[in-house]
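So the sequence shown is numbered by the numbering used here: it starts at 1 and just counts up by one.
Hints were generated in silico from the structure; no laboratory data involved.
Please note: incorrect hints may appear among the correct ones.
[Stated by the list, open to error] Pairs of lysine-lysine residues, derived as BS3-like cross-links and limited to a Cα-Cα distance of at most 27 Å, are as follows:
no. : residue 1 : residue 2
1   : LYS170    : LYS91
2   : LYS10     : LYS262
3   : LYS218    : LYS262
4   : LYS605    : LYS359
5   : LYS170    : LYS10
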Amino acid sequence: MPQRKRIWQKQGRLALILFVYTLFTIVYSWLIPPFEYADEPRHLAYARWLITYRQFPPQGTAAWETPVMQEAGQPPLYYFFLAVPVSLLEKAAPGSMEQWPLTFRANPTYNGSHTRHYADNDNIALHLPEDMTPLRGERLALVLGRGITLLFGWVMLIAVYNLTGEMFAKRPFLAGQVTLFTALIPQVLYMSGVISNDIPVAALCTLSFWLLWRVVQKPTLTRGLAAGVAIGLALLTKISALPLLPIALVAFAWLWQRQQEKRVVWLVTAVTLLSALLIAGWWFGRAWYLYGTPFGLTAHDQAPWAFSETFQRDGLGQQWLDVFESFWASIGWSPTQFHDNVYWLLLGLVLLALVGLGKELWQGWRNPNLVTNLRQNPQPLFLFLFLFMLGATALALEAWMRRVSAPFGRLLFPALAPIIILLWLGWRAIHPYLAHLLLLIVAVLAILAPIHIIWPAYHPQQLPAAAFAQTETLNWQFGDMAQLLRVTPQQSSAQANSTLPVEVCWRTLARAQSDYLVFIHLVGPDNAVIAHRDTIPGLGTYPTTAWQPDTYFCDRIEVRLWDNIPQTLVYNIEVGLIDVGREARLPIYDQAGNPMSNAFAGQVKVAAAAEAAVSLPPRQSTTPAIDVLRVDTPLTWSINTTQAITVAWGVYEDIAVDYQVFAHLIDSQSGELITQSDGAPFAGWYNTSWWSGGTVVVEKRPFPIPDTAPPGTYTLIVGLYNLQTGERLVEKQAATITLQR
Numbered sequence: 001m002p003q004r005k006r007i008w009q010k011q012g013r014l015a016l017i018l019f020v021y022t023l024f025t026i027v028y029s030w031l032i033p034p035f036e037y038a039d040e041p042r043h044l045a046y047a048r049w050l051i052t053y054r055q056f057p058p059q060g061t062a063a064w065e066t067p068v069m070q071e072a073g074q075p076p077l078y079y080f081f082l083a084v085p086v087s088l089l090e091k092a093a094p095g096s097m098e099q100w101p102l103t104f105r106a107n108p109t110y111n112g113s114h115t116r117h118y119a120d121n122d123n124i125a126l127h128l129p130e131d132m133t134p135l136r137g138e139r140l141a142l143v144l145g146r147g148i149t150l151l152f153g154w155v156m157l158i159a160v161y162n163l164t165g166e167m168f169a170k171r172p173f174l175a176g177q178v179t180l181f182t183a184l185i186p187q188v189l190y191m192s193g194v195i196s197n198d199i200p201v202a203a204l205c206t207l208s209f210w211l212l213w214r215v216v217q218k219p220t221l222t223r224g225l226a227a228g229v230a231i232g233l234a235l236l237t238k239i240s241a242l243p244l245l246p247i248a249l250v251a252f253a254w255l256w257q258r259q260q261e262k263r264v265v266w267l268v269t270a271v272t273l274l275s276a277l278l279i280a281g282w283w284f285g286r287a288w289y290l291y292g293t294p295f296g297l298t299a300h301d302q303a304p305w306a307f308s309e310t311f312q313r314d315g316l317g318q319q320w321l322d323v324f325e326s327f328w329a330s331i332g333w334s335p336t337q338f339h340d341n342v343y344w345l346l347l348g349l350v351l352l353a354l355v356g357l358g359k360e361l362w363q364g365w366r367n368p369n370l371v372t373n374l375r376q377n378p379q380p381l382f383l384f385l386f387l388f389m390l391g392a393t394a395l396a397l398e399a400w401m402r403r404v405s406a407p408f409g410r411l412l413f414p415a416l417a418p419i420i421i422l423l424w425l426g427w428r429a430i431h432p433y434l435a436h437l438l439l440l441i442v443a444v445l446a447i448l449a450p451i452h453i454i455w456p457a458y459h460p461q462q463l464p465a466a467a468f469a470q471t472e473t474l475n476w477q478f479g480d481m482a483q484l485l486r487v488t489p490q491q492s493s494a495q496a497n498s499t500l501p502v503e504v505c506w507r508t509l510a511r512a513q514s515d516y517l518v519f520i521h522l523v524g525p526d527n528a529v530i531a532h533r534d535t536i537p538g539l540g541t542y543p544t545t546a547w548q549p550d551t552y553f554c555d556r557i558e559v560r561l562w563d564n565i566p567q568t569l570v571y572n573i574e575v576g577l578i579d580v581g582r583e584a585r586l587p588i589y590d591q592a593g594n595p596m597s598n599a600f601a602g603q604v605k606v607a608a609a610a611e612a613a614v615s616l617p618p619r620q621s622t623t624p625a626i627d628v629l630r631v632d633t634p635l636t637w638s639i640n641t642t643q644a645i646t647v648a649w650g651v652y653e654d655i656a657v658d659y660q661v662f663a664h665l666i667d668s669q670s671g672e673l674i675t676q677s678d679g680a681p682f683a684g685w686y687n688t689s690w691w692s693g694g695t696v697v698v699e700k701r702p703f704p705i706p707d708t709a710p711p712g713t714y715t716l717i718v719g720l721y722n723l724q725t726g727e728r729l730v731e732k733q734a735a736t737i738t739l740q741r
């Protein structure tokens, strides 16, 4: 009875883990629209190719002439499974694939240039509410294909559970902890919810390890056959399972030195290797015969991500950091990730696990029974095989990353179970409760990933109308489609060659027949544009062809400022809507319905990067808030010309008043004003209320000399005054000027 109870408890824990894993995977998969996993369309195309043409897709350069593209070189096992539901659907409803297709609409503002920690046009495709309804044809095939990946995930977790449970039978809760940890890794959940062969190869590699463990525990022909079948199926899924072959040989070599009945070992070895060869060997032989290489990788050499003279690999360290981060959580094409601090925390914990493993290794090395344990106990053997699998997979990935840009942690998934088991042993060696902390951390990340990463990346973030009820809104109307409610730069000033976030809030009025882009321009004197950004509304997630009337949303749009901004000024922020195809702007009307030529909805100060810093002298008790530090100008001016004066203003404190500049030529004897040049500083593009305390502002001003000005010697006075009151803030005799004809 106790034995039966333990079995029920064991199976119950596994069933609970599978339930939790399935629930999370369904949520992840439901939140990920079609086409948002990089290879998903090509995986599905591979299965349809098998059904349609009853043959394998061509490899090499010819693969790019098919919808399968670079995936044509993949071993076919996963696609055989994938083809089953697709074939059944086509037989049950002929023509349904064409009638209800998965429609790809490219996102013209897809922002996949670099990894980010926030959503911004991460979706490579534009998605409409009706894309997956009705759930038939290709749409249903996509869902069923993702379900097959989930089933392989079950195999993976069952194998992890049994492998860990049998290897560490004296630690009954270890199997459940390791399996649950594996099931809750966000990247595992993400890959389990899409059409991909990374989870299947992880499942079959883990299954192979478990069955090999059973062979070395008790070598029988049945167990050897099972292990060989698993290894063969893994090889027929992805070539990254190839390290299983030397691993099996090492396991049998160890078994041969321990087992007294050598004949049994030879028979089991032969059965295992022959069954693996029969299942997978034909595929590699076929590829070698037809294409000159057994591995099917040549199609990748024509891929845009293949390295060439014009496209070089990033630094080694950066690529492996990307691999590490994407092993834990990295969603989508761009991709989107957690904040860097999360990955630094995980890296620290992994290093801590390595310390724990080193501690265990040292203790084992000092064991006087070391040699006997190594010869009789298969546990040290399998820990070595785990390390071998990890090392071989990592070396293969390094070789691959020298050929193409592929810093993806999922490519380590053939060694997923060995990695997690080794980490878990290391953490427990440091402290038993440390592993519990890690389980809590990964569970929190599994919960946060859909909320923090997936949902914002692929779904519009709508707001209630009440969010704008208590605030002043612009209510500028763009055609009959939308109202612009608010444009708010998230900082009052920015530097050239930096990023300026601007919040733009809209109310939709109608659904458009075509897609429009939101554009933001930063406009200066003479309508010169110093920065611009285009984006599909909703930062890619809410195209105008998907709009529902009377919805509210705000986009935090990152605008990259150019590095060649000529001078520090206050620039206008222009917002508009432009048709993607025709590049025609929607007309704009103000709140009263009057036409507007442009929508300058805000301002921001942008500092030029090339301006030399000028030191500010110490302030004296009589020094005003803004002082004239220096005036540079030629001392001889010609009448009927425009002269230039350069004024260095010392700004000692922020002020709220927009002062006017005055520059006067005065007859020092009579005090008569000969001529003047007054006006806003920088022609109104950089008023004093924008000047920052503790800085020096240098302005080059024109000073026109009229033809009626009499020749003579005069005093140049420069200063600031309040246009409303006439009160002067500062004035200074700048120079003695000689006027001549």
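Do the hints match the structure? See the list:
For the proposed pair LYS170 and LYS91, the alpha carbon gap of about 52 Å is over 27 Å, so the pair is violated. For the hint linking LYS10 to LYS262, the alpha-carbon distance of about 35 Å lies beyond 27 Å, and the restraint is violated. Our distance criterion of 27 Å between C-alpha atoms is met by LYS218 and LYS262, whose separation comes to about 13 Å. The straight-line distance between the Cα atoms of LYS605 and LYS359 is roughly 57 Å, outside the 27 Å bound, and the hint therefore fails.
Restraint check for LYS170 and LYS10: satisfied, since their Cα atoms lie roughly 14 Å apart, inside the 27 Å limit.
Hints 1, 2 and 4 from the list above are not met by this structure, while the remaining hints are.
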